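Make the full structure from the sequences, and use the hints.
So the sequence lines, in the order shown, correspond to chains W and D.
FYI, in this note's numbering the residues of the first sequence are 110 to 309.
FYI, in this note's numbering the residues of the second sequence are 1325 to 1711.
A hint or two may mislead.
DSS-like mimics (lysine-lysine), calculated; alpha carbons at most 30 Å apart, straight line [stated by the list, open to error]:
| # | chain 1 | residue 1 | chain 2 | residue 2 |
| --- | --- | --- | --- | --- |
| 1 | W | LYS147 | D | LYS1666 |
| 2 | D | LYS1567 | D | LYS1399 |
| 3 | W | LYS147 | D | LYS1659 |
If we take Cβ atoms under 7 Å as the criterion, some of the chain D residues that face chain W in the derived model are [unchecked claim]:
| # | residue |
| --- | --- |
| 4 | LYS1659 |
| 5 | ASP1663 |
| 6 | ARG1667 |
| 7 | GLN1688 |
| 8 | GLY1691 |
| 9 | ALA1695 |
If you want the ones that stay clear, here's a sample from chain W, every Cβ over 12 Å from chain D, calculated [said to hold, decoys possible]:
| # | residue |
| --- | --- |
| 10 | GLU117 |
| 11 | TRP122 |
| 12 | PRO125 |
| 13 | GLN198 |
| 14 | PRO240 |
| 15 | THR242 |
| 16 | ASN251 |
| 17 | ASN254 |
| 18 | SER286 |
| 19 | ALA308 |
Think of the hints as simulated: they come from the structure by calculation, not from any bench.
Just so it is clear, the structure is predicted and the values come from calculations on it, not from any experiment.
C-beta: ideal position from N, C-alpha, C; glycine also.
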Amino acid sequence: MNLRRDLELIADWIRPGSHILDLACGDGTLLAHLHGTKGCTGYGLEIDSDNIARCIARGVDVIQTDLDRGLQEFRSDGFDYVVMTQSLQALHFPDRILEEMLRIGREAVTSFPNMGHWKCRAQLAVAGHMPVTRALPHRWYNTPNIHLCTVHDFERLCAERRYEVLERAAVDRHHRSTTGTRLLPNLFAESALYRFRRAA
Amino acid sequence: MPETIPSDSVGLVEPRRLSFDEPLPLDCGRTLERYELVYETYGELDADASNAILICHALSGDHHAAGYHAPSDRKPGWWEACIGPGKPIDTRRFFVVSPNNIGSCKGSTGPNTINPDSGQYYGPDFPIVTCGDWARSQERLMRALGIERWAAVVGPSLGGMQVMQWAIDFPDALRHAIVIAAAPKLSAQNIAFNEVARQAITSDPDFHEGRFYEHDTIPRRGLMLARMLGHITYLSDEAMRAKFGRELRGGRLGYSFDSEFQIESYLRYQGRQFVDRFDANSYLLMTKSLDYFDPAARTGDDLTTALAPATARFLVLSFTSDWRFSPARSREIVKALLDSHKRVTYAEIDADHGHDAFLMPIPQYLGVFGAYMERVAADSGSAEAAA
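In structure tokens form, the structure reads like this:
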């Protein structure tokens, strides 16, 4: 099975043998891949019961958890990486989760859809409606994505909170890095991936 | 029993019995010179004895976990929802061993059996046994059946505590530990309920200090009260509301102390039924075992350290409306395992049945449990043996 491209990018950032916590791990694809290819261990956190069963079927250890209720029960520095893909924007308190990720893990990896993408801007500026794109297919009233941000917004938060960005991948809708996404990520990236840690 | 045995039932089953003559040292300091275990098995043990599952029963449970003893049986075993062909504990691929605990009253050595040394009923002289004692007694059963390692040890409620005990005391003897609707130890509130139940029994004039057998009676009222109280803690407020509400049996208030509300008659019925099938001394013992269970007591109240010897992979399940052993209690177990990087999966099943949910065929429960048991089968190399 082909790994989702964004998961592939993330997998490239992870050191072999790491202990990983994957927040909103879905069906466990990433953890299963990291276990199989890099000998990584760890757990997925997931809220959806059907996904829990899928994780189990893959042999991924999963803990049913509502991320909005916090991660207090995870001790500090318990993991090499805390990963969360494409879920930041759906949480009630994204900034608190980022803090928690860096408390629990030595490094954090996250990805999100970029609201600064020119298509989003055009839809709002020209057409005058909330953006609906391939990456953000919902309408304003039924979207789970309640805290959308741009590449610029995210990096500003990192600067404010003194998070050190170790790696960034700004990618198009095929999760590929192009000249455009490299030069003007806030305008051309459909989604962005970051590996970061607390600045020393 | 239904007219025909459902195809997903193990069908007619017969309890077996094994005697153990080697003295069993108990946690209380006493020794059981010899004991008998009554147990049932379902399915076939494979050639390398790698597909065996041990079932640990709850407070008032027994070895009769699945199937029927006779065509005239009204009800199947207590865990019929989960054990049988095509069910989570699939008897087409697993060999299931379900013993009755010592100290209980369904055939294994306990207060209502004869002490061979005195020729009298053990009665109140039967030692208070613990989860540790049960694991030790069952480990001998395992060996006697030619099993070196369980594919999984599985149990709900008090049974789940035994599973933890197994994982700590005999880490090499199980690959998977499945802990359902349990807790790492009882809360003060849990103990309080148990104490009221015990007081109900011991204050019954027919209790006779536990020697009621000799008086040819049973502490019927006390045991009934104990069960009624227990039953309230097994159901959720929501489940009671849905099932009984404030419905009146006679349709109107009678201004009397008869059983008027449906819930009253239900509890009385449950209590009366229980009196005929459970022993008062065993009820006292089993509730004590619950109260005493606390593996972290030996490790400075640190559950992570207590679970350190365990090598099994864990599945922990809880039910949202269970207030007797709430999801938060299961999460304490999960946290202890996470903190030491042990392999664990946890699911919280949406159910409004309360603690009793572990008995129910709830699709989400069966789905998650079944998916995990598939993994157990794959790990024990018996996957190809499945039909």
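Do the hints match the structure? See the list:
Straight-line distance between C-alpha atoms of LYS147(W) and LYS1666(D) comes to about 19 Å, which keeps the hinted pair within the 30 Å bound. Simply put, LYS1567(D) and LYS1399(D) have alpha-carbon atoms about 20 Å apart, close enough for the 30 Å limit, and the pair holds. Distance check on the hinted pair: LYS147(W) and LYS1659(D) sit about 25 Å apart at the alpha-carbon level, within 30 Å; holds. Among the interface hints, the one on LYS1659(D) holds; its C-beta lies about 5 Å from the nearest C-beta in chain W, closer than the 7 Å criterion.
Interface restraint check: ASP1663(D) against chain W, minimum CB-CB distance 6 Å, threshold 7 Å, status holds. The beta carbon of ARG1667(D) comes within 5 Å of a beta carbon in chain W, closer than 7 Å, and the hint placing it at the interface holds. A distance limit of 7 Å between C-beta atoms decides the matter here; for GLN1688(D) the minimum to chain W is near 5 Å, and the interface restraint holds. For GLY1691(D), the interface hint holds, since its Cβ comes within 7 Å of a Cβ in chain W; the closest pair sits about 5 Å apart.
Nearest Cβ of chain W to the Cβ of ALA1695(D): about 4 Å, under the 7 Å cut. The hint holds. Residue-level check passed: GLU117(W) sits 25 Å from the nearest beta carbon of chain D, beyond 12 Å. Residue-level check passed: TRP122(W) sits 21 Å from the nearest beta carbon of chain D, beyond 12 Å. Here PRO125(W) stays apart from chain D, with its beta-carbon at least about 16 Å from theirs, past the 12 Å limit.
Here GLN198(W) stays apart from chain D, with its beta-carbon at least about 25 Å from theirs, past the 12 Å limit. Look at PRO240(W): its CB is around 34 Å from the nearest CB on chain D, clear of 12 Å, so calling it non-interface holds up. With 12 Å as the threshold on Cβ separation, the claim that THR242(W) sits away from chain D holds: the shortest Cβ distance comes to roughly 33 Å. ASN251(W), annotated as away from the interface, keeps every beta carbon of chain D farther than 12 Å; the closest lies near 22 Å.
In this structure ASN254(W) is separated from chain D by more than 12 Å, as the shortest Cβ-Cβ distance comes to about 24 Å. Every CB of chain D is more than 12 Å from the CB of SER286(W) (nearest about 35 Å), matching its label as outside the interface. With a closest Cβ-Cβ approach of about 27 Å to chain D, ALA308(W) is found to remain outside the 12 Å limit, as its non-interface label requires.
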